[in-house]
Amino acid sequence: MEGKEEDVRVGANKFPERQPIGTSAQSDKDYKEPPPAPLFEPGELASWSFWRAGIAEFIATFLFLYITVLTVMGVKRAPNMCASVGIQGIAWAFGGMIFALVYCTAGISGGHINPAVTFGLFLARKLSLTRAVYYIVMQCLGAICGAGVVKGFQPKQYQALGGGANTVAPGYTKGSGLGAEIIGTFVLVYTVFSATDAKRNARDSHVPILAPLPIGFAVFLVHLATIPITGTGINPARSLGAAIIFNKDNAWDDHWVFWVGPFIGAALAALYHVIVIRAIPFNKSRS
Numbered sequence: 001m002e003g004k005e006e007d008v009r010v011g012a013n014k015f016p017e018r019q020p021i022g023t024s025a026q027s028d029k030d031y032k033e034p035p036p037a038p039l040f041e042p043g044e045l046a047s048w049s050f051w052r053a054g055i056a057e058f059i060a061t062f063l064f065l066y067i068t069v070l071t072v073m074g075v076k077r078a079p080n081m082c083a084s085v086g087i088q089g090i091a092w093a094f095g096g097m098i099f100a101l102v103y104c105t106a107g108i109s110g111g112h113i114n115p116a117v118t119f120g121l122f123l124a125r126k127l128s129l130t131r132a133v134y135y136i137v138m139q140c141l142g143a144i145c146g147a148g149v150v151k152g153f154q155p156k157q158y159q160a161l162g163g164g165a166n167t168v169a170p171g172y173t174k175g176s177g178l179g180a181e182i183i184g185t186f187v188l189v190y191t192v193f194s195a196t197d198a199k200r201n202a203r204d205s206h207v208p209i210l211a212p213l214p215i216g217f218a219v220f221l222v223h224l225a226t227i228p229i230t231g232t233g234i235n236p237a238r239s240l241g242a243a244i245i246f247n248k249d250n251a252w253d254d255h256w257v258f259w260v261g262p263f264i265g266a267a268l269a270a271l272y273h274v275i276v277i278r279a280i281p282f283n284k285s286r287s
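Numbers 1 to 287, taken from my numbering, label the letters of the sequence shown in order.
Keep in mind that the hints were calculated from the coordinates and are not lab data.
Quick caveat: nothing in here was measured; it's all calculated off a predicted structure.
Beta carbons are placed, not taken as given, at the ideal position from N, Cα and C, and that holds for glycine.
Worth double-checking, as some hints may not be accurate.
[Said to hold, decoys possible] Simulated crosslink set (DSS-like; lysine-lysine; CA at most 27 Å straight-line):
{"hint": "1", "residue 1": "Lys76", "residue 2": "Lys126"}
{"hint": "2", "residue 1": "Lys174", "residue 2": "Lys126"}
{"hint": "3", "residue 1": "Lys76", "residue 2": "Lys156"}
{"hint": "4", "residue 1": "Lys151", "residue 2": "Lys248"}
{"hint": "5", "residue 1": "Lys126", "residue 2": "Lys248"}
{"hint": "6", "residue 1": "Lys174", "residue 2": "Lys76"}
{"hint": "7", "residue 1": "Lys156", "residue 2": "Lys248"}
[As the list claims (entries may be wrong)] Label pairs and their calculated CB-CB ranges:
{"hint": "8", "residue 1": "Gly86", "residue 2": "Ala46", "range": "28 to 36 Å"}
{"hint": "9", "residue 1": "Asp249", "residue 2": "Leu129", "range": "29 to 37 Å"}
{"hint": "10", "residue 1": "Pro170", "residue 2": "Glu41", "range": "41 to 49 Å"}
{"hint": "11", "residue 1": "Val260", "residue 2": "Leu129", "range": "18 to 26 Å"}
{"hint": "12", "residue 1": "Phe40", "residue 2": "Thr173", "range": "36 to 44 Å"}
{"hint": "13", "residue 1": "Asn247", "residue 2": "Gly74", "range": "15 to 23 Å"}
{"hint": "14", "residue 1": "Pro281", "residue 2": "Ser49", "range": "28 to 36 Å"}
{"hint": "15", "residue 1": "Leu129", "residue 2": "Ala83", "range": "44 to 52 Å"}
Start from the sequences, fold in the hints, and give me the full structure.
Here it is in structure tokens:
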């Protein structure tokens with residue numbers, strides 16, 4: 001075990017003269033590319049870890065909607081932005097909750113809390129179709145229940161204040177809203193891939209601990225940028241839960257934007273990570 005402490009201290013920079021810093025500094029001695037998840041894995045259904053992961057996704061998305069929708073309604077209820085937390089406060093609520101919930105659930109379900117994240121990880125073969133569908137269903141149910149509890153506490157205010165439902169803001173086209181959702185979700189899912197990259201985890205022991213921080217911060221920044229355009233969806237479960245409980249025509253008119261945009265953004269992020277960042281197809285062709 002001689003020299004182990006020194007190895008940990010210098011980390012990826014152990015051989016700065018011979019290896020570039022970054023993922024290319026990782027040798028095959030301490031990392032092997034895991035095999036892709038099978039498309040169908042029926043054996044998962046007999047495992048309690050599978051079912052508790054879905055429950056964790058349900059509870060996390062429930063709490064996410066409860067806190068964030070209440071924050072949105074609090075801002076809308078205030079006579080002016082200076083009398084509330086404002087757009088920055090809404091962005092912090094979304095980003096902060098994602099940070100906390102990813103930290104709490106990452107060891108159980110991976111801490112997706114978002115069908116777009118689940119979809120992106122599925123495309124990258126990080127989880128099976130069985131698990132992906134289960135997660136998305138539980139996320140949507142959790143979001144519906146979270147928004148439902150908020151409405152149960154204050155039904156009149158909920159309907160009067162918009163229920164936190166996502167819509168494309170006046171002055172913006174549906175195309176603009178779609179573009180904002182695509183790029184915003186790309187930022188989020190790209191950050192998820194980078195923060196949870198197993199190859200980085202093998203190299204830098206601090207990465208798994210810090211992973212929720214950049215993910216939550218990405219959500220915060222995207223909300224700052226796109227709240228004025230779409231109210232910021234980038235999470236189809238969040239948009240669906242608020243739309244179902246609010247259930248007004250204006251919430252459904254643009255609802256497709258908050259599914260199509262995030263799924264396209266997630267797919268692009270998965271493609272970029274696998275082909276450009278990790279170059280996995282090219283690595284396989286050389287082996």
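Status of each hint after checking the structure:
1. Under the criterion of a C-alpha separation no larger than 27 Å, the hint pairing Lys76 with Lys126 is inconsistent with the structure, at around 39 Å.
2. About 32 Å separates the Cα atoms of Lys174 and Lys126, which puts this hinted pair outside 27 Å; it is violated.
3. Annotation: proposed proximity of Lys76 to Lys156 holds, straight-line Cα distance about 14 Å (limit 27 Å).
4. Pair hint Lys151 plus Lys248 holds up; C-alpha atoms about 14 Å apart against a cutoff of 27 Å.
5. About 37 Å separates the Cα atoms of Lys126 and Lys248, which puts this hinted pair outside 27 Å; it is violated.
6. A C-alpha spacing of about 23 Å is found between Lys174 and Lys76, which places the hinted pair at or below 27 Å, so the restraint holds.
7. Straight-line distance between C-alpha atoms of Lys156 and Lys248 comes to about 14 Å, which keeps the hinted pair within the 27 Å bound.
8. At roughly 49 Å, the beta carbons of Gly86 and Ala46 sit outside the given window of 28 to 36 Å.
9. Checked against the hint of 29 to 37 Å, the pair Asp249 and Leu129 passes, with Cβ atoms roughly 34 Å apart.
10. Between Pro170 and Glu41 the beta carbon distance is about 46 Å. The supplied range of 41 to 49 Å therefore holds.
11. At roughly 20 Å, the beta-carbon separation of Val260 and Leu129 lies within the given 18 to 26 Å, and the hint holds.
12. In this structure the hint that Phe40 and Thr173 lie 36 to 44 Å apart at CB holds, the actual value being about 40 Å.
13. Between Asn247 and Gly74 the beta carbons are some 21 Å apart, a value that agrees with the proposed interval 15 to 23 Å.
14. Here the CB-CB span from Pro281 to Ser49 is close to 30 Å, well matched to the stated 28 to 36 Å.
15. Checked against the hint of 44 to 52 Å, the pair Leu129 and Ala83 passes, with Cβ atoms roughly 48 Å apart.
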